[in-house]
Amino acid sequence: MQEVTPRVTAPYLEGFAHKTVRILGKVIQLRGEQATIDAGGQINIHLNRDAHLTPNHAVEIIGKVQSDLSVRVLTSTDFGANIDFAAAEAVVDATHRYHEIFYPKED
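Each number in the working numbering comes from the position in the sequence shown (counting from 1) with 44 added on.
Heads up, a few of these hints could be off.
[To be verified] 30 Å max Cα-Cα, derived DSSO-like pairs, lysine-lysine:
| hint | residue 1 | residue 2 |
| --- | --- | --- |
| 1 | Lys63 | Lys108 |
| 2 | Lys63 | Lys149 |
| 3 | Lys70 | Lys149 |
| 4 | Lys108 | Lys149 |
| 5 | Lys70 | Lys108 |
These are calculated hints, taken from the structure and not from any lab test.
When you get a sec, could you build the whole thing from the sequences and use the hints?
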């Protein structure tokens with residue numbers, strides 16, 4: 045069985061420290077081996093050698109949430125410039141509203 049990677053946005057990160065998550069966001073800044081994306085708020089990203097991000101493009105990050113709520117990239121996919129972020133945020137909200145379908149919630 046593969047590891048569960050719940051979809052999150054910035055407001056949900058705190059509940060997933062030290063867990064692997066999936067984030068869809070817009071690249072707003074690149075700084076060497078780090079980047080900042082907007083996914084319902086700004087998230088600092090620690091890139092790996094395979095991550096090739098483009099400013100103002102949508103990117104899906106699968107990564108591990110660090111204790112400072114930054115995310116260390118395991119893999120990334122560029123989704124281009126034409127993404128409906130409102131629809132993506134609705135999917136994230138549904139994921140957490142009906143978490144029992146998508147991931148086990150630890151209490």
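Inset, instruction - Would you mind confirming whether the straight-line C-alpha gap from lysine 63 to lysine 108 stays at or under 30 Å? - result: Within the cut-off at roughly 5 Å; holds.
Legend entry - Distance restraint between lysine 108 and lysine 149, which requires alpha-carbon spacing of 30 Å or less: Between lysine 108 and lysine 149 the Cα gap is close to 17 Å, so the pair holds against 30 Å.
Inset, instruction - Given the hint that lysine 70 pairs with lysine 149, test it: the Cα-Cα distance must not exceed 30 Å. - result: 27 Å, holds
Legend entry - 30 Å limit on alpha-carbon distance, applied to hinted pair lysine 63 and lysine 149: 12 Å, holds
Inset, instruction - For the pair supplied as a hint, lysine 70 and lysine 108, confirm whether the alpha-carbon distance does not exceed 30 Å. - result: 18 Å, holds
Hint check: no violations occur; every hint is consistent with the structure.
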